[in-house]
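One-letter residues, chain by chain:
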Amino acid sequence: MKLIFITLSLLLSTSSFANANRAWTILKANGGNYKVYPRVIENLVNDGLYFTSIPYVKEYLFRNKGQSNRELDKLIDEIVSEVGIKQFEVLPDSALSSSTAPMLKYIYAKKLFRKKQYSKTLQVLNKAIPGDHAAKPFALFLEASAFSLLGKTDNAVSSYKRCVSVSNDQRSDYKNDANRTRQLEINRDYCIVGVARTQFAAKKFEEANLSYLDLEKSSYIWPEILFEEAWNSFYLRDYNRTLGKLVTYKAPVLDFIFNPEIDVLRALTYMELCLWNDTRNVVDGFYKAYTSDHSKLKGFLRKHRKDYKYYYLLMKSYSKGTPSGNKLLDKYIKGIRNDPAYREMFVTFSEGRKEIEKVKKLSSGSAQKIFLRNLKDSLVLQRDLLGAYVRKGIMQYTAQLNKAFEGMSYIKLEVLARKKAILYNTKYEGVRSRGNIRNLKRNEKQYFWTFNGEFWADELGDYVFSLKSECN
Amino acid sequence: MKKVLLLLFLILSVPSMANIEQRRSQLIEVIDEELNEISRLNKQVGARNPNLLLRMAELYLEKARLIKERENYNYLTLSPEQRRSTSKKKFFSKSKKLFVNAQKTCFYILKRFPRFKNKGEVYYILAYNAREFQQPKRALQFFKKANQNARKNSQTQIKSQLLLAEMYYNQKKYSKAANLYSSALRDKNQKWWTKDAFNLAWCYFRIKKKSRAINLMKEVHSRSKSGKYVDVSDQVERDLAYFYSDSGRVKEAIAWFKKIGKNIVPSLISMGKYLKNEGKFTSAERTLDEALKYSTTDNEKAKINSELLAIYDKFGKLSSHKKVSEALVALNKRGALDPSQKEDLLYHVERQAVKLQKRVANKKIKRPLSEKRQLASYAVSYFNLLAELKPETSHVSYFLAGETYYAVKRYDSAANEYDKAYELSRKRNDGKYSKLSLDGMMAALGGRGVAKATKDKYLTKSYIAYLNKNPRGKNSFKIYQRLFSSYIAQGEVVRAEQVLLRFKKAYPGSLKKQEAMVAQIMDYFRKKKDRAGIKSWVSRINKGEFKVSKKYAQKVNQLLLTMQFENVEKLNTDGAKKGALKGYLAIYKDPGSSPEAKKNASYNIAVLFHELDDGKRAYDWAVNSLKLMRDRDVKKFEKSFQVIANNLFLQRKLGEANELYERSLVKVCKTKSKMKTTFFKNGVVISLANGNIERAQRMRVTGLSCGIRMKDIEYAELEILQSLSELRRWKLLESSLKEFSITKSEPGEVIHYYAKVADAYRENGRANIASRYDQIVMNNYNVAKKRRKKLPLEALNVVAQKELARVKSLVSRLKSIELSFPEQKFNNALKSKLGLLDKITTSTVNTFQIGSGDGVVGAYEILTDVYSYLADEIANFSPPGKSPDYVKSFKQSMGQIVNPIRAKNSEFLRQAKSQINKNDILSSGNLGLLYGSQFEAVPTYIPLNNGLIMDRGGKK
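Just so you know, the sequences run in chain order F and D. No gaps in the numbering here: position 446 of the first sequence is 495 in the numbering used here, and each next residue is one more. No gaps in the numbering here: position 331 of the second sequence is 1437 in the numbering used here, and each next residue is one more.
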């Protein structure tokens, strides 16, 4: 809990930031009583001091057990839209759950979603966010996803479609806000593929195939979704198309995409075509490419643990053109840097830093001192959130790679088993449950991954191979 | 041909083995890659996935099996020498290590993941490994766990159940096996269902669910034919036939076989064979018996009987084996046996015959004769069958049959077989068996208890045949004798003589046997009482026509002698002594009588005269006999001679008796005679009694040369010395003392003789020599005492007298000292006397110690005499020329000396009496001591009625 010092001398500000000075005066006049925080927040927001206001919002919500009023809710919406939701995700569930603020409801629902409490997610979201609320498109995406994961395909598809619609509607409202527009477009595109994903999960591969086509190639998320399309083609036994989609990733423009599962799917596809040598080549190439760096990275992660600042600086250093020394890590960082969510967080962080200058211009030295300290806390948190995001990204990539290694091993084992069966001159029946390729195929639990944001678009992804199966 | 085939096989198999090895190498390579991959994966997931570990264990197991295959192949291709020098453990170490790895991995899984859902598979691997390591109990336990833990109806469970069932099946736990099989075989879509169901059917059969077993077998058969399953229809047909037959449902079986277009008999035969190979002989026998019942052709019968033959062979069912063998021989006669069956039959018959014969002949295992005979009968049956099967060697079979009978002492039967063998061998010019058969025949006929009929039939014929063929053969030696005996038994002495002559020619050195044959002839004559015959043969022997041992020659002569004596002895036995005497006399006088006869006759005459109490004649004939007899003869009859001599002694014919003792002693001198000492002692004593000291001396010398014990010799020496002493033949006594050994061995015993010699010399005035002997006396006394040798009373008396003589001289000196005055002189004399008295007293005490009664008495006599004398002398002395007072005073003072002397004297007397009584001393001195002067002379015993005092010879 942040202690806020209120100095009466700051109440009367003579600087150009009248609202901020007024905020200081109110604080001073009320001896720092938290009940006046909404007025303080309002004044700070009025002067664009969003990060500076965060500690007051958090303390008020905490002390007031999440209770807020409509005015404050509006303020919170405004603050979240400027600083991002991450700052508020760290609030305790008790504070979030009792808030009536639609944005905080959304944040709470998201937290529940992450905890895989999908029904509760739906409960929290139910009528909590008005149709014209800025969080609505994202809430709908969340709702659709929850439905989908609960197996309520129709509800899911309906919510996705509403999400697409609401996202489009709001996009026109924020024409001049590029950042917001991008957020909404990414959200819309995820909702478009959400339909396809739901169909995929329901094994409606043909329908999914068509739904994936709804996503424009110009979409920010298309490069990553291309992989999903490849899977869908795989399930449609259209192996040449699968390979065609996967080969797209070899385009230099997509070199920022790091998804080790691409190689796994490629090996799997070759295997389905009984192209053992190709399969072996993919597997061996994969091992060759990643084994060493992957192993080193494990040590790297162990060494730096939760040193978020380090990860933030790592990204910063990379952004300035200094590679990490581990090619695999560079790939990860590159991928994370292109992640819309990361970019959004980074932008807000940059904006937050601008508040420092504003605060320094306040007339009261005490106000400067106190607000700067609060601002610094928020910014440090934001930096750590960035660092944590980088670390989390690296961890996720590592986990993916682990999984891919596992997958590759299974594939190789499968190839070896088939080879052995030929040597034993017995009919391969593929009855083993261990190391079975079925373990590699996605199921409804596996195809969702974290909500990202942003998109990227181009004209790639329509390659089709023409390989002939060598299976007997 | 075989070599070519082998080469071809090798050529074909080498590339095939190369292919296998290549494929194996490739597989191992793949498994290694898989292991690498699994290891990588396992590492990847932090060994948290038991499935991966399980896969790893499976791969270890798989690789271990392949490596073991390779190791097995390599091991088998080693030469036996290499194999011997190779450590098997080391050779198979690679596969072993992998098996162990698999096992370790499995144990790790079980420990780390106790709730692992695929635990069943882990146990399956462990079970498989245990089976590999030949730990059946462990394998069983693991398979059980695999079955329990495997997922229901999973392959692991099914496989575990099948393997468990198989293990139980092999352990004959059919009920358990059946349960597992039936559980595992629920899914009938498995290719191997038929094979396992086949086992299940057997389980049912074993647990007496025969109908179920039959039904299942039928189902297995039907599925086997479907092509979808492993075809086990052949086995089913075989076993189903057995099931049916065992269940008594043969008719159903026939119907079923008919239905499937087959005949049951071949199936039953096949089943029988199978059961036989499985070692289930009872079932095999039953099945084949059924088959035999339903068999219709000779061919089938031949097959069945051939199988039964092997079963009975293994079973040891001799009677059945023989029966089947006979059946097969009959089938063979009909030409129903194929070459292999015939070969088998031949093998079995031959083997059985030989085996039985060996059992019969085995001496290590004791069997009752009846059992052996039973076995022999079987063996002979087999030999006869063999003769039928191999007529070209039938003579050998008959010979062996004969041998077998011989071994169980059935000599009649043996002879019969040998005869057949002999006749056939002769026909076939088989010299070896002809000879062997004849040898056997000889042996059989020589056996105990051979029937007369058999002997009559074969003996002479065989013997003659044999001897003609083998005049000096191995057994000819015996055969001659048997033939000879046979002729003798038949009374054919002339033929027997011919045999003897042939034998003599063939075995000139075998004198003993010749002698035995001669003896038989002699015996023949003896039985016939044909003295002429005997005389003629004795003459031939004596002429050296037949070389016989000296002993036998004697015996033959003895025979003649015996025949000569026979009648006389009969008379003797009958008590007709006179007649007997006449007879013996006649033999004695007969110029044709041998010295032996004469000797015997003479002896018998002596004995007869002795029995007639005619001492004179008995003595004469006894002396005559002793002259004729050799030493050993005398030894033999020594008792008789002693009795005759004793009788002569009783008849007071001391000289004759003595003569006989001496002559007898001389005769038995060098033998181990028991009477030798008696002859010696009696001889010496009677010689001395008869006053013939020279003869006694002579006999003593004879005794020494005859090895008479020194104790007895010395006894004789003492007797001689005694006689010499009595006869006062001092010169001879002196020389004898010098010569006799007793002088040295018992010096005490001869003391008194030396004393006598000394006395004799003394009497003759030759004191010097006497004193020398006195000296010897004392020396001998001292030596005897020192050596604790015997000292006779006479010797002690002699020594005591010697001692007393010395004391007596002191007494004389004491008495010679005169008492006189003046006072000083008196005192000196008295002092001398008292000093001598003391010396005398001391000396007599020494005499007591000698132990002589006479000595003791003599000593006391001296003491009492001298003490009494001295007391009286002192008491009676009155100093001359002295006043009465002086005298009185003198007497008073002397009284003080005299009284103790008298008191001492009285004490000596008491002691003397006491000693005499206590020690029963009989001495001439007793009188004075006991009775003082009551008697003037010693009382002497005078016998009444002119009693006689006899000398040593009992003469007056």
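Hints are computed from structural coordinates only; laboratory data are not their basis. Take these hints with a grain of salt, some might be off.
Said to hold, decoys possible - If the Cβ cut is set under 8 angstroms, some of the chain D residues that face chain F in the computed set are:
{"no.": "1", "residue": "R1129"}
{"no.": "2", "residue": "E1140"}
{"no.": "3", "residue": "V1151"}
Glycine included, C-beta positions come from ideal geometry on N, C-alpha and C.
Now the hints, each set against the structure:
1. Interface hint status for R1129 (chain D): upheld, as the beta-carbon distance to the closest one in chain F is roughly 6 angstroms, under 8 angstroms.
2. A distance limit of 8 angstroms between C-beta atoms decides the matter here; for E1140 (chain D) the minimum to chain F is near 5 angstroms, and the interface restraint holds.
3. With 8 angstroms as the threshold, the beta carbon of V1151 (chain D) comes within range of chain F, its nearest partner Cβ sitting at about 7 angstroms, so the hint holds.
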